[in-house]
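Kindly produce the complete structure, drawing on both the sequences and the hints.
Following our numbering, the numbering of the sequence shown begins with 741 at its first residue and continues without gaps.
Keep in mind the hints are simulated off the structure, nothing from the lab. Heads up, some of the hints might be wrong.
[Stated by the list, open to error] With a cut-off of at most 27 Å between alpha-carbon atoms, the simulated DSSO-like pairs for lysine-lysine come out as follows:
(1) K834 <-> K857
(2) K889 <-> K856
(3) K899 <-> K856
(4) K931 <-> K906
(5) K783 <-> K817
(6) K783 <-> K905
(7) K931 <-> K899
(8) K899 <-> K834
(9) K905 <-> K817
(10) K834 <-> K756
(11) K813 <-> K905
(12) K957 <-> K1002
Predicted, not measured: the structure shown is a model, and the values here were computed from it.
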Amino acid sequence: MKNLENDPLYIILRSKRESTKFQILVDIAENQPSVRQQEIAEKLGITPQAVSDYIRDLVDDGMVYSQGRGSYKITYKGVEWVLANAEALQSYAKHVTRDIIQQVSVWTAIADCEIKKGDSVGLFMREGLLYASHSDQSAVGTAENNAVKGADVGVIDVKGIIDLKKGTVHICKIPRIQRGGSDSVSYEGLKEVLNDAGFIGVVGIESYIAVGKAGFKADAFFGAGDAVIDAAFHGLECAIVIVDEEFTDFLKRIETSELAYKMYDFVSS
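What follows is the structure, given as structure tokens:
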């Protein structure tokens, strides 16, 4: 069995830290010796202090040579590490585009109207689901089967890009039972957020009860964090009501997802 701990592809894809390290090294190689940590931070969505910490570690590891404040060069060791990971990523990308994506020859959509086999159809997202219709869309394909409105329809020869705007994740923090639970929630604000959400996830029994008290029903309880992130990627405005002890861990996950998010503290005073 392949040792995944030493597999560059496994490391770079599974580790946020290694992925960030890779991107910083590439940026240093591209702009050396003048390295602007603020620009790197903005590009990667992290703080300048985090960039500084990464660069310090890279210097300690012998991958970057410091010539003074703001002046860095990538070393031979750093170049070798970047090349090894870049080659692994390139090989993986070729595998995905050549061997996997080409096999996905039929897309399944919901017919938005009556569709006949051979019809040219436009593809679009609605409430997180893929639909096909006779309307003009940025992505088009050919229907593979007859379908009445609301039925599943196969679409082949898809061309273009499906228009999709990612949703925002609204993170609503409430207290654990030790700090009052659902009895210590500011419901006026919570109701306002939930009313605009197309998908609601809850983490913790306290959150489940609070959502019910607010007059709503949760769409996900088990695996709610993953479900909310997935729903947001499919274009839904999402809310996750989460107990304060789980809040920080979820916040770290959402920060690495590249999704927009807003935070709310609904602990009543």
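Hints, verified against the model:
1. K834 <-> K857: With a Cα-Cα distance of about 33 Å, the restraint between K834 and K857 is violated, given a limit of 27 Å.
2. K889 <-> K856: 11 Å, holds
3. K899 <-> K856: 19 Å, holds
4. K931 <-> K906: 22 Å, holds
5. K783 <-> K817: 24 Å, holds
6. K783 <-> K905: Given that 27 Å is the threshold and the Cα spacing comes to 21 Å, the pair holds.
7. K931 <-> K899: 41 Å, violated
8. K899 <-> K834: 20 Å, holds
9. K905 <-> K817: Judged against 27 Å, a Cα distance of about 41 Å means the pair is violated.
10. K834 <-> K756: 22 Å, holds
11. K813 <-> K905: 39 Å, violated
12. K957 <-> K1002: Holds, because 21 Å separates the two Cα atoms, which is no more than 27 Å.
The structure fails hints 1, 7, 9 and 11 (numbered hints given earlier, in ascending order).
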